[in-house]
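Please put together the full structure from these sequences, using the hints given.
This is what each chain is made of:
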Amino acid sequence: MTYLPKPKLHHPSLQRNAVGFTRRDYEGAISTLCAGCGHDSISAAIIQACWELDVQPHRVAKISGIGCSSKTPTYFLSASHGFNAVHGRMPSVLTGANLANRELLYLGISGDGDSASIGIGQFVHAIRRGVDMVYIVENNGVYGLTKGQFSATADQGSKSKKGAINTDVPVDMVGMALQLGASFVARSFSGDKHQLVPLLKAAMTHKGAAFVDVISPCVAFNNHEGSTKSYDYVREHNHALCRMDFISPRAEITVDYPPGEVREVRQHDGSVLRLRKLPESHDTGDRVAAMNYLHACQARGEIVTGLLYVDPEAPDLHAHFDTVQAPLNTLGERELCPGSATLAKINASLR
Amino acid sequence: MQPTDIRNPQYFHKVVDCQWACPAHTRVPEYIRLIAAGRYDDAYLLNWDSNVFPGILGRTCDRPCEPACRRGRVEESNGEKPEPVAICRLKRVAADNRSEGIGKRMRTRLPERIPGTEKFRVACVGAGPASLTVARDLAPLGYKVTIFETDARGGGFMRTQVPRFRLPEHVIDEEVGYILDLGVELVGNHPIDSLRKLLDQNFNAVFVGCGAPRGRDLHIPGRDQNTDRIHVGIEWLASVYFGHVSRVGRRVLVLGGGNTAMDCCRSARRLGGDDVKVIVRSGYEEMKASPWEKEDAEHEGVEILNWLNPKSFVHENGKLTGMWFTPMRAEHEANGKRKLLPTGEPDRFFECDEVLIAVGQENAFPWIERDLGIEFDEWGMPKLDKLTMQATTPKVFFGGDAAFGPKNIIWAVEHGHQAAVSIHNLLQREDLRKRPPPLTNLVSQKMGIHEWSYDNDISPDERFVVPWAPKEKTLRDIKQEVELGFDVATAWKEAQRCLNCDVQTVFTKDVCIECDACVDVCPMDCITFTTNGDEADLRARLTAPAQNAAQDLYVSESVKTGRVMVKDEDVCLHCGLCAERCPTGAWDMRRFLFAESYAGRGEDYSANPVRKKVAA
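Listed in order, the protein sequences are those of chains A and B. Using the numbering used here, read the first sequence as starting at 1 and increasing by one per residue. Using the numbering used here, read the second sequence as starting at 1 and increasing by one per residue.
Among the hints, a few may not be true.
As the list claims (entries may be wrong) - Heads up, simulated BS3-like pairs for lysine-lysine below, C-alpha to C-alpha not over 25 Å straight-line:
(1) B:407 to B:339
(2) B:446 to A:8
(3) A:159 to B:560
As the list claims (entries may be wrong) - Computed spacing ranges between beta-carbons, pair by pair:
(4) B:464 to A:266: 41 to 49 Å
(5) B:442 to A:285: 52 to 60 Å
(6) A:194 to B:67: 37 to 45 Å
(7) A:292 to B:1: 51 to 59 Å
(8) B:534 to A:243: 18 to 26 Å
Claimed, not checked - Here are some chain A residues the structure puts well away from chain B; computed CB gaps all over 12 Å:
(9) 31
(10) 87
(11) 343
Please keep in mind that the hints were generated in silico from the structure rather than gathered at the bench. Glycine residues also receive a C-beta, built at the ideal position from the N, C-alpha and C atoms.
Right under this line is the structure:
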C-alpha cells in the first residue's frame, strides 16, 4: 500500500472514450491492500474494461461483502454507486437492487471467504435465479485479513505459509456455477490482463448471471512454495482454454481468419466474442462438455482458464418474473396505484 | 533490445534531463531540494562548484536546462500551458538568500593544495567567465594565476554588455570577488596586444578567454553617414555601461533577433526611446533570442517585426531619417538548408532617429602573432582539441566565446573547467586526454515502508511567475532591476514542482514476481511487461506508446515468464509509487549522484571520504 494519492498527472497520449472519459476517470481511491495484491490487478482490469466499453460510471452499481476482495470497490469507479454489504450477503443485496432498477450494470465483488464459506447459500441462489450481474470472485484461497488460514477454495494438499497441509476438499465455484445454471462462466488469473480484460468485457455485456472466478494470489499469505494459488504455481499450471477477443457492436470486424480456427459467439447486444485456439473437443455452448472439460483439467492438475461456457440467449430473473421494464424509481402514482378497476380485475383472476 | 546497462553512469545521467542539458552538468534536482529545505548556502555552494556564478546565472543564464526539463513534458495535455520548473530563477533564490559568511564555507569545498604547484604561473587573457573559471579551478591547487583585462574590473561581457536592469553590478562584484579572494591576481586596464610578449614572460600556460569582442557591422548603403546615430549594439551597450551614452533618439530601430538585440531595445526604452522596433530578417519563432527575453521586451512596449531584411539607411539634410527593408520569406532547399529570399513585395520604409545594429558578434585575434604555431581555420577561429581546449601549440588554451564563437556564460564556464583540467594535466606531466572520472553513486532512498528521503508527493501546481518591479519604475531607471526574484514561500512551492529526476527507478529482475502492481499504479503508464523486440517495435506496443525517441527505454533482462520489463523514461514522475507498490523490492528509488570532476579531483578526490561526503 501507499499513503500518497496517485498523482492526477497522466500520460500525454491518454485517450478519451466515446463517453468522454479517460481510463484514469474510472479509478478510485489509492488501494490500501498489501503491495502486490492480485486484487489490485483485478481492479485495474475492471477499470480498463469499463473504459473500453464506454461505460457511464453513474450507470454502474458495485456491491460487495466483507474481506480484502470486498474492500476493492473503493479502488475503482469512484463515480459509481456502491454498497458494502454484510459478510456473505452481497448476492441478496445485489438481487434486490437489480429488481428495483434493471438498467444499471451490476458488479458483484466477492472473495472466496465471502462467497464459498459464509455466503455460499447466497451465491447459490443468486446464480440459479439468473440475476443479471457480473459476479466476480477474487479467489486467493486464504483468509488474508485474519492472517492466512485456509479458505474453502484452498486445494487439498496445499501448504499454508506456516507449513500446515490442507486436508479438506475445496469448493469448486466454477463447477458449482455451471451446475447451478449460470449463463456465462469463466475463470481467469489476476496476473494475465490480456485474458482477464476481454473476459470482463464479455461478462459485463452478457445478459444474465455471469460468473468469473479470478485466481488472485495473496502476496502476504499465499504466495509461497507449496501454495497452489501463488503467482508461480498458477503460471506453471495455467491451461488457457482459448484466446478470446471481445468485439464491441460498433467495431468493424477487419481481421479474417480461415474457417475452423475461430469460433464466434454473438451476444444479445450485438457484441461478438471471438474464440481463438479453442480445442476442437470443446463447445462453449455445451454446459455438460464444459463441466467435463473443467473436471478433466482438474484431474490432470491443471488450472483451466478462459471462457468455459456461455449461453448468449439465456433468460434472466426479470424474464422469469415478467417484471416491469422501467426502473421502479421512475414509476409514478398512476402506475403504482392503477385504481379499483384494476384491483377488481386482479381479484377476479384469482377466483 | 539488449538489457540496459545501468552501470554506465551516462544512462542515469541522461534521465536527469536538466543536468544532462546543462553544459556544466550542474546537479539541478539536488540544489532544488536544498532550496526547498531552506539550505540556501548549500544550494549556492553546490551551484558555485559547477557553474561558478550562481547569482549571475540565476538572472542571465540561457537556461538550456529548462527546455529539457521533464516537468514540461509531463504537463503536456494536463493543463493550460506545459511549463518546465523555473530552474534558473530558483538558482537566484539560493544566491539571494545565502549567508554573509559563505566565502569561508567555500574553502571547505575546494580541493587541497598540491605541493609544488606554486612554481607554475598561468596567464588568462580577459576576465570573463571562462578565465575566471580557470582561475577558480586552478588557484586552490596552488597555481599562480594572473588575469589580464582591458577594463579596470573583472567580469568581461557580463559586466559591460549585460544591462544593469537584468544584472545588478553588486552581484558581479561579489562573485568575481570570491574568485579573486582565492589568491588570483587581476591586472586591470591591461589590454594584451601581443601573445608573443605574454609568452615571453615565462608563463607555463596561457588561457585565452577574451570573448568575441567585435560586433558585426552591416555594410549597406548609407552606413557611412551620421555614424553618431548608427551604432554597433555591443559597443553601444558598453558605452551605456561606462556612462558615455545616457540618451537615445525617440524613434529607435534595433536590427537583429538575438539576446543582444533584446538588451539593446530594452536599454533604448529606458534612455528616451519611446518608439522602439526590433527588425529581424527571419521569423519570430526562429529568432535566436530566448523566448522569455522576447516576452520581456514586448512587455515593455517594444515592437518586433519579422521577415524584413535591412536594405539601406536614408539621410535627409544630413540627418538620419529612416531605413528601407526588403520583405523576405524562407525556402527550404533539398538538402534541408533554409534560404531567405525576397518575397517580391515592395520594400518597406521605417522612420527613425537612431539605429542599433545587433546582427552578431565576431571573434578577432589581431594580437595573436600568426607565427607562434597557433593555427587558425578558414573562419579565423583557432584550431582546438575539443576535449582539452588546447590549441596547436601545447601551452595555449582557449575557452568561452574565443574558442568556438559566441555561445553563452554557462558554456564559457564549462570550457574553463575543461581547460583547467588540461592545464593541470599539462603541468603535472599527465596525458591531457586523460580526464578525471566523474564522481558517481547510486543509493537507495528508502527510509521505511512508505517513507523516502525525498518528497515524492507530486505537486500539481503550474509554474509560478517571478514578480517584476513596476514598469513605470523600471523604464525610468536603467539600473532598476526588472525581476525581483521569488520570495522564499513561492520558491518553496516552485521547488516542489521539481520531479526529482535524479532519484532513479532501479529494477532488479531476480526478485520480480510479475504481479503487475507497478504497471497498475504508475500514473504515467511508463511500465510494461512484454515480450522483447527491437526498439521501434517495443516503443509501439507499450502500455502507453513511447513516441519521444530522444528518451531511452529501460529494458531488463528476461523475468521468469520470459518477458522483459520495459520502462519508458520519458514522462516518469519519479513519484516512487512503483517502488511503494512492489511487494518484493524489485523496484527501488535510488538517488543518482553524478558530479563532474574538475582540475585536481578525480579518483583520489572521490576516494577521500571527507570530500565524498561534501559532494554527496
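Results for each hint:
Distance hint between residue 407 (chain B) and residue 339 (chain B) is fulfilled; the C-alpha atoms sit about 23 Å from each other, no more than 25 Å. For the proposed pair residue 446 (chain B) and residue 8 (chain A), the alpha carbon gap of about 24 Å is at most 25 Å, so the pair holds. The hinted pair formed by residue 159 (chain A) and residue 560 (chain B) meets the criterion: a straight-line CA distance of about 22 Å does not exceed 25 Å. Distance hint for residue 464 (chain B) and residue 266 (chain A): a CB-CB separation of about 57 Å, inconsistent with the stated range 41 to 49 Å.
For the hinted restraint 52 to 60 Å between residue 442 (chain B) and residue 285 (chain A), the CB-CB distance of approximately 57 Å keeps it satisfied. Checked against the hint of 37 to 45 Å, the C-beta distance between residue 194 (chain A) and residue 67 (chain B) comes to roughly 38 Å, which is consistent with it. For residue 292 (chain A) and residue 1 (chain B), the Cβ-Cβ distance of about 45 Å falls outside the hinted range of 51 to 59 Å, so the restraint is violated. Distance hint check: the CB atoms of residue 534 (chain B) and residue 243 (chain A) are about 24 Å apart, consistent with the given range 18 to 26 Å.
Once the 12 Å rule is applied to beta carbons, residue 31 (chain A) is inconsistent with being away from chain B; the minimum gap is 8 Å. Under the 12 Å C-beta cut-off, the non-interface status given to residue 87 (chain A) relative to chain B holds; the minimum distance is some 26 Å. Look at residue 343 (chain A): its CB is around 56 Å from the nearest CB on chain B, clear of 12 Å, so calling it non-interface holds up.
Figure legend: structure checked against the earlier numbered hints; hints not met, in rising order: 4, 7 and 9.
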